[in-house]
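Student: Sequence:
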Amino acid sequence: MNAMEGISIKNVTKTYSQRILFSKKTFNAVENVSLDITTDPPEIFSLVGESGSGKSTLANMILQLIKPDIGEILLNGKKINDFEMLEFMKKIQPIFQDPFDSFDPMKKTDLFIYETVKNFNIARNKDSINYIIDQCLQKVGLNYQMIKGRYPHEFSGGQLQRIAIARALVVKPLFLVADEPVSMLDASLRISIVNLFKQLKEKENLSVLYITHDLSTAYYISDRIGVMLRGNLVEIGNAKEILGEPLHPYTQFLMKALLEPDPDKTKISLFDNEKNEEKMTEVSEYQLKGCKYANRCPNVKKICREKNPEYYYIKNRKIKCFLYEEFK
Numbered sequence: 001m002n003a004m005e006g007i008s009i010k011n012v013t014k015t016y017s018q019r020i021l022f023s024k025k026t027f028n029a030v031e032n033v034s035l036d037i038t039t040d041p042p043e044i045f046s047l048v049g050e051s052g053s054g055k056s057t058l059a060n061m062i063l064q065l066i067k068p069d070i071g072e073i074l075l076n077g078k079k080i081n082d083f084e085m086l087e088f089m090k091k092i093q094p095i096f097q098d099p100f101d102s103f104d105p106m107k108k109t110d111l112f113i114y115e116t117v118k119n120f121n122i123a124r125n126k127d128s129i130n131y132i133i134d135q136c137l138q139k140v141g142l143n144y145q146m147i148k149g150r151y152p153h154e155f156s157g158g159q160l161q162r163i164a165i166a167r168a169l170v171v172k173p174l175f176l177v178a179d180e181p182v183s184m185l186d187a188s189l190r191i192s193i194v195n196l197f198k199q200l201k202e203k204e205n206l207s208v209l210y211i212t213h214d215l216s217t218a219y220y221i222s223d224r225i226g227v228m229l230r231g232n233l234v235e236i237g238n239a240k241e242i243l244g245e246p247l248h249p250y251t252q253f254l255m256k257a258l259l260e261p262d263p264d265k266t267k268i269s270l271f272d273n274e275k276n277e278e279k280m281t282e283v284s285e286y287q288l289k290g291c292k293y294a295n296r297c298p299n300v301k302k303i304c305r306e307k308n309p310e311y312y313y314i315k316n317r318k319i320k321c322f323l324y325e326e327f328k
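Residues 1 to 328 in UniProt numbering are what the sequence shown lists, from first letter to last.
Hints in this document: simulated from the structure, not taken from any laboratory. None of the hints are false.
Derived DEER-like restraints, expressed as beta-carbon distance ranges:
| hint | residue 1 | residue 2 | range |
| --- | --- | --- | --- |
| 1 | Met255 | Gly157 | 24 to 30 Å |
| 2 | Glu202 | Pro105 | 30 to 36 Å |
| 3 | Leu111 | Lys240 | 37 to 43 Å |
| 4 | Met255 | Tyr151 | 38 to 44 Å |
| 5 | Asn121 | Gly52 | 35 to 41 Å |
Quick reminder that beta carbons are idealized off the backbone N, C-alpha and C, glycines included.
Using the sequences and the hints, build the whole thing.
Tutor: This is the structure we're talking about:
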């Protein structure tokens with residue numbers, strides 16, 4: 001990828017410690033992750049995986065809410081911590097999980113957007129500010145008169161999420177980091193927000209990092225996808241190809257774990273067999289020396305418990321699994 005055209009994550013690791021009884025152990029919430037997401041042309045890249053896989057930690061490092069312990073993140077070839085914060089926030093904007101937490105319930109909703117315009121010195125004249133607000137709201141299917149003077153509790157969750165997106169749009173960012181943006185919404189509202197991200201990519205040339213555990217919306221919205229497991233990106237490539245034909249055993253597990261429309265088919269459990277379940281109780285997957293999926297994998301080999309696999313390239317994707325060692 002051209003270094004001047006997007007986000008480049010280079011060998012990033014974030015380590016945390018946890019106290020267990022009288023001992024203190026460390027684990028990598030994100031481990032040696034490298035990833036490029038383009039802004040020219042724009043793309044929607046989805047991070048998927050179970051809760052605790054490191055998706056939000058990676059997003060928070062991109063947003064500079066936390067710092068990586070190892071590695072670096074670049075925006076258009078420049079380290080993100082070398083940007084002035086106001087300049088950085090004009091380029092990358094967050095969309096958070098719970099729209100109700102994004103607003104002060106005691107404050108009129110339109111003031112959030114009004115203050116964003118003023119704080120970023122986008123406009124100072126009241127009429128100009130109101131015009132900008134209205135234009136951004138129209139991009140998300142609302143308008144200024146619909147929100148003016150109203151408090152957050154007067155809107156649905158879907159409307160508030162649209163307003164949050166409109167607030168992000170006033171700075172004309174290159175990139176949105178959307179962390180589980182539809183998980184708190186009713187199922188009937190989710191597709192409208194997902195469609196909105198697609199429209200913004202096509203009409204506003206916006207790239208989106210879409211973080212989710214919902215494989216159906218990831219399949220629908222994404223150009224590319226990355227599957228995270230215990231801080232590792234284990235499969236990266238075209239979303240339709242990966243979810244249509246998953247190759248990594250963990251991706252296959254995620255697909256099998258989806259609800260089956262056929263009631264005669266049994267939904268798989270976390271463990272595919274008793275042997276894997278027994279092994280799982282002894283060692284935390286975060287602490288494994290080798291592959292983080294070795295305790296659950298039905299195809300586990302001796303080397304999987306001894307070494308963390310490299311990336312292998314097959315069918316236009318990267319896969320972190322010894323099953324594909326021949327494709328090195």
